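Sequence order for the protein chains is H and P.
Our numbering runs 33 ahead of the 1-based position in the first sequence.
Our numbering runs 33 ahead of the 1-based position in the second sequence.
Mixed in with the good hints, there may be bad ones.
Identical copies look the same in the list; a pair holds intra-copy or inter-copy alike.
Claimed, not checked - Below, in silico cross-link-like pairs of lysine-lysine (DSBU-like), each with a Cα-Cα straight-line distance of 30 Å or less:
no. : residue 1 : residue 2
1   : K121      : K262
2   : K77       : K364
3   : K267      : K347
4   : K86       : K391
5   : K249      : K80
6   : K267      : K156
7   : K381      : K58
8   : K35       : K267
9   : K262      : K364
10  : K37       : K262
11  : K86       : K262
12  : K121      : K267
13  : K364      : K351
14  : K35       : K77
15  : K391      : K37
16  : K37       : K77
17  : K391      : K310
18  : K58       : K77
19  : K376      : K37
20  : K267      : K351
21  : K58       : K351
22  : K267      : K364
23  : K158      : K310
24  : K58       : K37
25  : K364      : K347
Simulated from the structure, these hints should not be mistaken for lab results.
The model shown is predicted, which means the values in this text are computed figures rather than measured ones.
Number of protein chains: 2
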Amino acid sequence: MKAKYTLFTPGPTHVPEDIMQELSKPLVYHREAAFTEILNESIKGLKKVFRTKGDVFIFTSSGTGAMEAAVANLLSFGDHAIVAVCGKFGERWRELVLRFGGYADMLSIPFGRSVPPEELERKIKANDAARFVFTTLTETSTGALNDIKSFGKLCRANNRILVVDAIAGLGADELHTDDWQVDVVCGASQKALYCPPGLSFMSFNDRAWECSEKSKAPRYYWDVRQFRKWMQDKGQTPWTPAIPLFYALNRALGQVLEAGMDETWARHRRLAEYLRKRVADAGLELFTEHPSNALTVIKMPEGVDGSAIVQTVKERDKMLLANGQAEMFRKVVRIGHMGALTKTDIGKAFDAFLHAFKEQPGPRGQP
Amino acid sequence: MKAKYTLFTPGPTHVPEDIMQELSKPLVYHREAAFTEILNESIKGLKKVFRTKGDVFIFTSSGTGAMEAAVANLLSFGDHAIVAVCGKFGERWRELVLRFGGYADMLSIPFGRSVPPEELERKIKANDAARFVFTTLTETSTGALNDIKSFGKLCRANNRILVVDAIAGLGADELHTDDWQVDVVCGASQKALYCPPGLSFMSFNDRAWECSEKSKAPRYYWDVRQFRKWMQDKGQTPWTPAIPLFYALNRALGQVLEAGMDETWARHRRLAEYLRKRVADAGLELFTEHPSNALTVIKMPEGVDGSAIVQTVKERDKMLLANGQAEMFRKVVRIGHMGALTKTDIGKAFDAFLHAFKEQPGPRGQP
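Given these sequences and hints, build the entire structure.
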């Protein structure tokens, strides 16, 4: 069946046909050796993607589920956390911390920028009570990339637990969970790992386990202690998993790991650099100071409605770019290049964007 | 691709090929009108399945996720709840209530029986503090069916909120959410609605909403207020949904609703009655006093190891029956007949069971 459009959205992303076909394979029973094999393969592959020797858990949920899992497994009522935010998905950490009864000490910066490590350091030094730092690798709303390596050093030196939402970045932007001293990383299936949505991931190291033993937040579905016990005792998940999505995940991981993470990151970087050059050549500006390699967020000149461009490209070219979110709805256009897209795909998407951009009325245009 | 075996497990269940094929259809973007249409169709269909005019929410999770959603959206720390339990999945309500800081007043009965309404009445009368009653429609571990209609009358008359885990029963055993005065019902995709696992459902009526406004349990991923707001404002889910599973769900719901719920329940009843007759004709006994129409749980005579039969049938006949759970591992064999299975399928499964049963050593056998 033909797609309505090619996805250049920053999740779900374009999923190659062979991976989509995995979904329709006959179901195995999840309380059976056949599923244990599949689960083991997924976890083994994800550990390579995360670059961790710690635990990795797979939840049947969206990426937000893994974020809730991180908070619910670490925090107790009344705990303090620093939340370093550079966009909408960073804000989600704040909401989660507050919902679980924590205090969120916010380090907020103008959207489009990345969190300066020295600002995080200042925040950490000023807040002895905060045991946790929540932040984002790749902020999908703005395209900003954070310097997680520096954050990791800072957090370890100051004995804080670092929790990173890498949902959009995982696979696209370099991330060395263990080497960079990140304690908990959240990811999801439908981004740079080019799977359909429905699975989320969380890495969890020994420092996180230590916190988790003390955590008093209510948790059951997300409880890593349950996941560990079931994994150790039976090689199974405690709850019924979304079996077809595991088939797709394993096939995608096989392809990603055949190339290797270094090459996968390099491939995303080449795509991103190519698109950023096209943007500059067209006389346009990025919205983002330190851009991620997962997506490119293009600033619309004053008076140009980005959402009209997205609409035109969708109808005329059958490609789906993404609008800005909330207050940035018309002000930016986002083009995802995470996952299985090629330079040719990205080139076509930008051609289509530029065609529609030049047709826009208003004081813009002729670059 | 050929299946390893036909599933007679009580979830995941056998999914017809045309529904499995839906999973591989090209992804739409969930922030797009195309997905809103799909979501509306799912919810409209589920309301007919649940027989409710109240709200129905769809989560990307297993059925346990919907159970956690019920607890997290209703309870506050220190709340009291009656938990009427007749098996392993009833016990799950207790764990959830405790994890969320509630007090669980347990009505536990011997496994294999159903909760007598008069016992529930006695419990309710004895516990003024408990605003909630948590129970199970179809207890998958024992095959027991509860008299939810009577529970509904009792709860309404005594101003309690009735929350029913109908995960295994939904679609197989009669359930009239509104007419039976059930306030919250949990369901899942991979049972009698013959979809793959990965989606869960929760109905939520006005009385539940009233409780929910007062509830102080931490919640974010499961928060029905978020789901309602996103649905009203945009016709979308707040978090990225498992899009392929919605395709499958809609196709399955189309088939279920074409037959209609009355006929769907009747079809399950006919399958169950046929299998129960076969069991009796073989001189065997049910484990269950008031059996559900979703699955049949056969008691093994003293000395017969049910798990060996399940193993033989799997290897020889390529059909997967289910063992008992935990302490019932060898003592029962469970045969699911929920979903898309036919009388012919069930007949073959029982033939295979009987063949293996008769080969078992020990003081059993010749019926």
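What are the numbers of the hints the structure violates, in ascending order?
-> 2, 4, 6 and 23
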